[in-house]
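Given next are the chains, with one letter for each unit.
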Amino acid sequence: MTAIPVTVLTGYLGAGKTTLLNRILSEPHGKRYAVIVNEFGEIGIDNDLVVGADEEVFEMNNGCICCTVRGDLIRIIGGLIKRKGDLDGILIETTGLADPAPVAQTFFVDPDVAERTRLDGVVTVVDSRHVTQRLEDSHEALEQVAFADVILLNKTDLVDAGELASVEARLRSLNPFARIVRTERCAAPLDAVLGIGGFDLKRVLEMEPDFLTEADHEHDQSVTSVSLREERPLDPVRFDRWFRTLIQTRGTDLLRYKGILAFSGASRPTVVQGVHMLADSGNTLSWREGQSRASRFVLIGRDLDAEALAAGFAACAAS
Amino acid sequence: MPERRWETGAWVVGLAVNRAGTHAAAALGDGTVRLLDLADPDGGPRALPVHAGACLTVAPDLDDRGFLTGGDDGRLCRIVPGSSGDAAVEPLAEVKGRWIEHVDAEPQAGLRAFAAGRQVTLLDRAGRPACDPLDHPSTVGGLAFAPKGKRLAVAHYGGVSLWWTKAPEAPVLLDWKGSHLGVLWHPAGTHVMTAMQEAELHGWRLKDKAHMRMSGYAAKVRSFAWAARGRWLATAGAEEVVCWPFFGGGPWDKAPLELPGPGSAVITAVAPHPTDPVLAAGRDDGMIFVTPLDGTAPLPLAGRGGSAVSALAWTGNGRSLLAGTEDGRLSWITPAR
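Those sequence lines, one after another, are chains L and Y.
Per the working numbering, the very first residue in the first sequence carries number 252; after that it's consecutive.
Per the working numbering, the very first residue in the second sequence carries number 11; after that it's consecutive.
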């Protein structure tokens, strides 16, 4: 049984999520998507599956407060996979106020969901005109941007070029992983949104090594990203010890992280990624021709100590 | 005729035998129910279109002949096999925009129960609501009538609500943190057991609400049932059929029986024999076997190959075993005696 790709659509109220969803579903792609929304009947689409969900977030029994998952999502995916015929994908539209972490974690934590689906990506829609203010006053808006694999910078027609560039720089400083796509009325090509392999270790993970760091200090922000780079190969034992300690002590504050790591003696790079304490790793990639064999690790989180992280990461280098 | 099998092409979600033992019903992921006439060993399953989308649950109805099914079209249906190979499908209830994933019926109380989202509705013999809908703090993970139907247990996040079915006002909560996905009463009505989102079971002895927690499973416990009139609780989720003793002070401080199958693979379904001290079990590699509770060698009934066994049910007389798999194999097995 092949894993069904899942796309999570998030974004603050009024950013344009439903416009994007309608656009995806009305394109003549001939595919069959199940749509999970929080309020049944919020959108009416013929010939598609729309499933209502409650807002059920629960802690796993291991007692870790940051390892929360969405119970309704597990239940609904369990029901959808029993249907006859293969679904081409599942689209999850979260409410504008939802924290995306429990959604993403569900794909790591629940064995049935992990086996039968793969989280293709998190698409966050932001309103060019209002997102800067939202990032100041809303914790959820920050998390939505931090979690994105793709950010649709929407309503670009409502701001001037200078403002747009500064908004984009701000988003980039929060989340250097995400691909930013500028749109009006969410008119993005489907392949920018679906099938991106954003959370999928099996696809080549494109990192952005030259992310913008300017303007960080202008904001008194608790959520930031830290990008680490090490030219020397890493010692797997040292890295494992450092990283375990990091996620155990700071897991609650780590929203997302991704890394491509070159371990000494390994012919292929190792990819590490995760959400809070839940990390996943694999080495299914090969180094590309001419690619620098440096290790890169990017973390997005609250109150990150960039210097301490850089020192810890550098100390993982093989001697 | 050890095994007859059919390829239905759709996930076998559940299997039930009616109370008269004349028919078996398989609920399928394509929304149909396959009805088997158990008096006709040469006949095949008859496909009835019942639900739009998937059929999510099936149980014997109150009377001798009928079945209840729930689907992701939000409908609760009653299926009545006819005398000449035909069958009637009667809608009993509909909840728009919700899935009906859990149903149960209890003849002595004359009640049926079904869950849609956080609500459970009780219906009387005529199919009318017996009371206001019963509300729960989160989506219902499972429900079961106590023997004789005086009480109803409803599993949800954070525990189980126990309702008195005659006067369902405020339920008693059996609390335990976590998500409870299935619920089972002891046949004597003395214990309530749940299967959890984590690979473990939880339970309560009702007289003092003493907790029991059974862990160590390799996978979620999707299937559990009482064997030997409640002496043992047989469970799936490990590479052996794990049976917990409910006698002599157990299951506290007692090790479970671990009954291995031929070779190793995770057990996905268990079905204790209704009269004899043996159990049937199905695995994630498609194999089905019977194993005696005394620990003597297991006997394969169907070989491995194909997908996980998703449903198992004995007929009331124990002469036939019905089995279904995720990829749609439907088997009618008559073990040699």
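No lab work stands behind these hints, which were simulated from the structure alone.
Where a beta carbon is used, it is the ideal one built from N, C-alpha and C, also for glycine.
Mixed in with the good hints, there may be bad ones.
To be verified - Quick list of the computed label-pair ranges, beta carbon to beta carbon: (1) Pro272/Y x Gln499/L: 58 to 64 Å; (2) Pro147/Y x Gly446/L: 50 to 56 Å; (3) Ala209/Y x Thr270/L: 39 to 45 Å; (4) Gln499/L x Gly258/Y: 39 to 45 Å; (5) Thr270/L x Pro270/Y: 55 to 61 Å; (6) Arg480/L x Arg314/Y: 58 to 64 Å; (7) Asp363/L x Arg314/Y: 19 to 25 Å.
To be verified - Some chain Y residues well away from chain L (every beta-carbon gap over 12 Å; in silico): (8) Val22; (9) Leu72; (10) Ser148; (11) Leu172.
Quiz item: So which of the earlier hints does this model not fit?
Solution: Numbers 1, 2, 6, 8, 10, in rising order.
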